[in-house]
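Go by the hints and put chain B onto chain A.
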Amino acid sequence: MMLNVQNLHASVDGKEILKGLTLEVPAGEVHAIMGPNGAGKSTLSYVLTGRDGYDVTSGSAMLDGEDLLALAPDERAARGVFLSFQYPLEIPGVPALTFIRTALNAQRKARGEAEITAPEFLKLARAKSAELKIDFDMLKRALNVGFSGGEKKRMEILQMAMLSPRFLILDETDSGLDIDALRIVSDGVNALRSPDRGMLVITHYQRLLDYIKPDRVHVLSGGRIVASGGPELAHELEREGYERYEKAA
Amino acid sequence: MSLATAIRDRDVAALPGKRDEDWRWTDLRGLIRVLPDPSQTFVGDAGEGPFDALADDRRVVINGGDALIDVPADGKATVALRFISRGAGSHAAGATITLGANARLHLLESYESDGGSVSQASLTIVLAEGAAVERVVLVQDHEDAVSVSQAAVRLAPKAEYGQTVATSGARRQRLETRVVHPGGHASLRLDGVYLLADKRHSDQTTVVNHESTDGATVQLTKGVVRDQARGVFQGRIVVAEGADRTDARMGHHALILSDRAEVDAKPELEIYADDVACAHGNTVGALDEDALFYARQRGMPEAEARALLTEAFIGEVIDRIWFEDAREVVRAWAAERLRA
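Chains as they are written, first to last, in my numbering: chain A, -10 to 238; chain B, 1378 to 1717.
Hint data in this document are derived by calculation from the structure and do not stem from the laboratory. All the given hints hold, so there is nothing to weed out.
EDC-like mimics (lysine to aspartate or glutamate), calculated; alpha carbons at most 16 angstroms apart, straight line:
no., chain 1, residue 1, chain 2, residue 2
1, A, Lys98, B, Glu1681
2, A, Lys98, B, Glu1679
3, A, Lys122, A, Asp176
These figures come from a predicted structure and were not determined experimentally.
Just chain A, same shape as in the assembly (with noise of 0.2 angstroms):
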């Protein structure tokens, strides 16, 4: 297994959010994590990632075999966890490549693998961001600042897929994003599917699963993973809410 979240207990300010969420993930799959505002979704994506805050009190969780919780959020990020955010951070004084640049050679290092060149660096941002549809000058800019919601999403694929991570977590990508940055998006995501990697997709709304097509759907409702099914759950959530798992929960 992928991922293998077992009984996972977390709390935030003393408040416990995630209360006992067991979830798996194989490699090769994209699952999709649905649920109700509150229901404990970004805390997921938080404390898989390492977050400050975000304080585990039991339950387990693996990334092939290693325990993901006792590792540094760069550490996690070496071994190939990424996680898309919601609110992308605006970074003053840092240009996206220097940014991008930096914790490529951070991850490499940590790998023990030789640092990028300049050249090679360059090539790929050049190729990465014309697939993303992304203006390469924006790239000179500060990281994020000023840009727009959807530009912020792009700029996150767009360092997904030149750190090419092997666990990809999304957290509401498709928030902020108009019907064509939704299709960019979801095209840069689709090409990193591969039978070596996993995804977690987190999200309030079925429509971005109409572009990132999942194996698997699970229903995040008071902390607890309480229901899961094939693709046909996100239609069925759509139509009747989250009323029903929320009794349940």
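Positioned in the frame of chain A, the structure of chain B alone reads:
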């Protein structure tokens, strides 16, 4: 009350201290009980200065003395001016810098000390109409040194003056600039950077007097303090009665990277004219934890993420240096200090 007088008269009673409003965060009287003996005349090789390679005129003032720099009308010069303190004595130094009409000067000034010296430098910088000066100051004092640098700048109509003072602090340190601004479409940029660690202290104080109409001032100072260091920023802009259409902007922003570090800031705008555009902003805080997590999630170890974000924070000031070669000297100095 001044350090220069105290050194000249060998009288600690003349030292400024916390009872002087302007010096309350940079108390010299409480610190210096006995002035060290006068510094010895230095004989030997002063070594290389940080801006030597950039300048066509190099001036060195060691353990006191004076420098005279004159750029005649329409002339151009790039001068490296080094103030050096060797040993643990006390001394005062000075420089007089004059520019004729439409003259241009890169003044690349540096301070160095190697022990517990007590030193003072007085500079007078006078610009004629249409003259342009960029003054870049790099201060690399010893941790035991006490140093004060005081510059009095007089602009003229249509003059252009830019300044960036970058420092790593000292045992106690004051870097002061007072500008008489005649308006008349003269423009002024007064920037500062302080990167302080251990128990170092630095005080950047500026006073700008807008005396007549149509003057512009922009000011940005940024600092990073860690350990038990203390940064002080005092910025005062005075707009005299009738100095209409003055445009003045002042910003001071500091990052405090440890619980025991301290920043004291006093931005002041005193406006006696009616038709002006003046603003100031002042923030003191910690590094943005959200941005830090974002960088770490992308794979940067914590120390590297912190260095990248603090360099970017300071970079905004360094980017404003007009003279590219000097800008890169300051940038390299900052990167080295932030990654130490």
